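Participant: Spelled out, the chains give:
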Amino acid sequence: MAEMAMRAAINLALREEMRRDERVIMIGTDIAGGAQGSSGAEDVAGGVLGITKGLLSEFGAGRVIDTPISEMGYMGVAVGAAATGLRPVAELMFIDFIGCCGDMLLNQAAKIRYMFGGKSTCPLVVRTTIGAGANAAAQHSQSLYHWVTAVPGLKVVVPSNAYDARGLLATAIRDDDPVIFCEHKALYDFPAAAVEIPDASYTIPFGEANFVTEGTDVTVVALGLMTHIAAGVAAALSGKGISVEVIDPRTTSPLDEESILESVASTGRLVIVDESAARCGFGQDVAALVAERAFHALKAPIKVVTPPHCPTPFSPPLEQAWIPSGERVAGAILETMGLDPALAAA
Amino acid sequence: MALSKSQLLEAYRRMRTIREFEENIHRENTTGEIPGFLHLYCGQEANAVAVCMHLEDTDYIASNHRGHGHCLAKGADVEGMMLELYGKADGLCKGRGGSMHIADVSRGILGANGIVGAGAPLAAGAALTAKTLGTGGVAVSFQGDGASNEGYVFEAINMAVMWQLPVIFYFENNGYGEFTGHDHVVGSKDIAGRAAGFGLPAVKIDGTDFFEIHEASGEAVQRARAGKGPTVIEAVAVRFYGHYEGDPQAYRSKEELADVRQNRDCLKILRQKLIAGKKASARELDAIDREAVDLINACRETAKSAAYPEASTLTDNTYVSY
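Chains as they are written, first to last, in my numbering: chain U, 143 to 488; chain C, -15 to 306.
Think of the hints as simulated: they come from the structure by calculation, not from any bench. Quick caveat, the model's predicted, so the values are computed rather than measured. Cβ coordinates follow ideal geometry from the N, Cα and C atoms, glycine included. Check before you lean on any hint, since a few could be wrong.
[To be verified] No more than 25 Å apart at the CA atoms, straight line, and that leaves these computed lysine-lysine pairs for DSS-like:
id, chain 1, residue 1, chain 2, residue 2
1, C, K72, U, K261
2, C, K252, C, K262
3, C, K288, U, K261
[Claimed, not checked] Non-contacting residues of chain U with respect to chain C, defined by C-beta distances greater than 10 Å in every case (computed):
id, residue
4, G227
5, D245
6, N249
7, A377
8, A407
9, F437
10, S457
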C-alpha cells in the first residue's frame, strides 16, 4: 500500500494494462509529446497535463501514438482499430473538444455492437478531462459527461480519487465496449484524491456506487470533484448534529440506481451536487429517478446544486462563483431539513 | 494482371448479382415493403467487384450509404443482405442495421455507413490494427466524391501517410454528392490531384472499366501489403438512379441519364469486352444473367415471407439498459 495522487494512479493503470495486453495502444495529441522537435528529446511531456509521461519510453512509438491535431480523424482510427482487434485508449485532451470528434463517438463507436446485430465489439476507451477551476474559461472547463451518458452504447466513468481511477480505468480497458473516462483536472494533484492504493493491480466494477460517508438525515449524490466538496460539507455538518450520506456513483452509465434509491429510502432527503449542467444534466436525471421511484420516501423536495446556466467564466472570482460551492451545498442540505440555510455559514 | 476465365466469369457474376439485387430493390421499393432510406449502386458495380477481388476475408472494407455493392462484393451473404433490407430477424444485422448500416465483420465488412466520409478513418484504423499486429492485411474505404470534401477524410489520409498504413482510399466519383454536381463543390475539380498533396500515390481512373479498376486497385493493394503505404484512387463513375430511391433527379438532364445507361454502363462494357476478347460467349453470360435473376428472386421471396424480429428482443446487444 502506498499513497498515490490520481495523476500517478492513472499513469500506473495505463502501464499495467499495456503490460498485461499487447493489444492495448494509446493514441492522441501530444500523449508522448515533442516528436521531432529541434531538441531531439522524446517523451518530454506525456500530454499537456503530463498524465502519460514515460509510456513512450516503456512501450515505444508503435503503441504510444502521437497524432496530428485531428480529433475526428484519430478518434475514427481508434474506433476502426477497436473494431478489428486492438484495444485503443484514445485521449481527448479536453471533453470540450467532443464537438471535433462527436461523430466517431456518437454514430460509430456507440452504435457498432447494436447496429451490427451483436456481431462486433468496440473495445475503445476515451480518456478525457473535465471540470472547472483552472481558469481555463469557457472552452476548456466543461463537464459534458451528461452528453455522453445520454447516448446508448457508451459507458461513462467519472472517478473521484486515485483508488477509483486506477481500478475503473483497468475495468474500462478490459471492457469490450466503448467507455468515456472523464478525469477532473482539479483532481490530478488534489490532496484528498490522493489515497492509499494496493501494490497489485485491481479492477472496480462499473455501476457500483461508493458510499463516501454514511449518514441518516440526507443523501447527497456527487461525482468527481463534487464528492470532495460534499464530503467536506458532511464533515462540517456532522459537528452540528446533521448526518449526511455522500454517495459517489463513480459511473453515470451504468448507474447504480439501487444504492441511490436505498439511501433515499432511509434518509428521505436528497441533494445532488453536479458540475455538468443546470438543465438536462446528470443532477436532473438523478432527481427524476428518485421522483419516479422513491417519491413517497421523500420528506422534502429534492435539491439540485449545479453551476448556473452560463458558460464557465475566466476571471477567478467569477469562476469560483460558478463552481458549486460548499456553502451552496450546505445550504441545500439544511433546506431539505427545514433549517435555515444561513446556519451553514455559522 | 492476367485474369483466368473463371475469375472473369466470377467477376461478371458478382457484378450481375449486384445489379439484379439493386434493380429488384428499385422495383420492390414501390410496394412499400422495404423500410427506410435506400441508395442504389447501379452503374458502379465494377468498382466494388474489381477492388474486392484483391481482398481476403481478413482484409477490411469500410463502405458508405451506397453500400450494398461493396458488401456483396466483399462476400456478404446475398440472402442475409436481402433479409436485412426488409428488416427481418434473420438479416445480417438481425434487423438492427438496415440498408445504411449493413455489416458483416466476419467477412471484413466494417459496415455501410450513414455518415458521409466516416469510413475513411475507420479503414485507417483497421489498417493500423493490421500494421500493429502484423497480420499482413489491408483496408479499403469506399466513399464518393461528396465525402472527398469532409474534413476527417483529409485527416485520415494525412495520418495514413504519416504512419504508412496499408489502406486504400477509393473515391467513386459518380458526379454527384447527393443532388449537387461534383464540379460545383470540389474546388480543384480534381479529387486525386488534391489528394496527391498529402504525399501519397493518387491516381484517377475510369470507373466504368472493370479492367482498369482491377489493375489500379491491384497495384495499390500490393503496395499496401508490401508495407509501402496508402494510395488514393479516384474512379470516375456513373450513378444510374438518384441519390436515394424516390429522388426524381430533376437536376440531371434526360440526355445525361440516357447516355450513362447507353454508353457508360460498366456491366455492359465488361460483357462486350469479354465477348470481343473471346473470354466468354454470349450464351455463358446469358446463363449467368439468368442465375443471378433466379438467385435474387429466391432471396426476395424468402425475405418477404420471413419473420420480423420479436419486440421482446428490442434491447438485445445493448450493454447498459434502463
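Participant: Determine for every hint whether it applies to the structure shown.
Facilitator: Against the structure, the hints:
Using a Cα cut-off of 25 Å, the hinted pair C/K72 and U/K261 holds, with the two alpha carbons roughly 16 Å apart. Simply put, C/K252 and C/K262 have alpha-carbon atoms about 15 Å apart, close enough for the 25 Å limit, and the pair holds. With a CA separation close to 24 Å, the supplied pair C/K288 and U/K261 stays within the 25 Å bound. A beta-carbon of chain C comes within 10 Å of the beta-carbon of U/G227; the shortest separation is about 5 Å.
Separation of U/D245 from chain C is inadequate, the least Cβ-Cβ distance of about 6 Å not exceeding the 10 Å criterion. Some Cβ of chain C comes within 10 Å of the Cβ of U/N249; the nearest lies about 5 Å off, and the non-interface call is violated. With 10 Å as the threshold on Cβ separation, the claim that U/A377 sits away from chain C holds: the shortest Cβ distance comes to roughly 33 Å. Against the 10 Å criterion, U/A407 stays outside the reach of chain C, whose nearest CB is about 19 Å from its own CB.
The claim that U/F437 is not at the interface with chain C holds, since no C-beta of that chain comes within 10 Å of its own (minimum 18 Å). The claim that U/S457 is not at the interface with chain C holds, since no C-beta of that chain comes within 10 Å of its own (minimum 34 Å).
Hint compliance for this structure: hints 4, 5, 6 are broken, all remaining hints hold.
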